[in-house]
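K.L.:
Sequence:
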Amino acid sequence: MTKLTDIQVKNTVRVENLLSSGNVRERMLALGLTEGALIDVIRKGPKNNLTIYNIRGSKIALRKEESSLILVSSI
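If you want the working numbering, it's the 1-based position in the sequence shown plus 840.
Bear in mind the hints are in silico, worked out from the structure with no lab data behind them.
Using 20 Å as the maximum straight-line C-alpha spacing, the simulated EDC-like pairs for lysine to aspartate or glutamate come out as follows:
#1 K884 with D846
#2 K850 with D880
#3 K884 with E906
#4 K843 with D880
#5 K899 with E875
#6 K843 with E905
#7 K887 with E906
Restraint-style ranges between C-beta atoms, simulated for each label pair:
#8 L858 with I892: 16 to 22 Å
#9 T874 with S914: 17 to 23 Å
#10 R883 with G862: 27 to 33 Å
#11 S861 with P886: 28 to 34 Å
#12 L871 with M841: 18 to 24 Å
#13 E875 with N851: 17 to 23 Å
#14 G872 with K904: 15 to 21 Å
#15 N889 with L859: 17 to 23 Å
#16 R883 with S861: 25 to 31 Å
#17 I915 with G862: 26 to 32 Å
#18 K899 with R854: 14 to 20 Å
None of the values given here were measured: they were computed from a predicted structure. Glycine included, each C-beta is placed from N, C-alpha and C at the ideal position.
Make a model of the complete structure from these sequences and hints.
P.N.:
Okay, here's the thing in structure tokens:
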């Protein structure tokens, strides 16, 4: 499995696992980052610190620290 931060723009992946805990995990689950959810990588910001993802029809921006806690697999 790969971390979400390592996925290039214009790729779609499937969520396999979350490595976060506590409030961060609850926030990710509330955003729709559940096991099996599909994520499209839309655009990376300057210095690759911020990336915009399409998750269940919503565009969500995550920092590199947050997206490195999401394990994904290619579809």
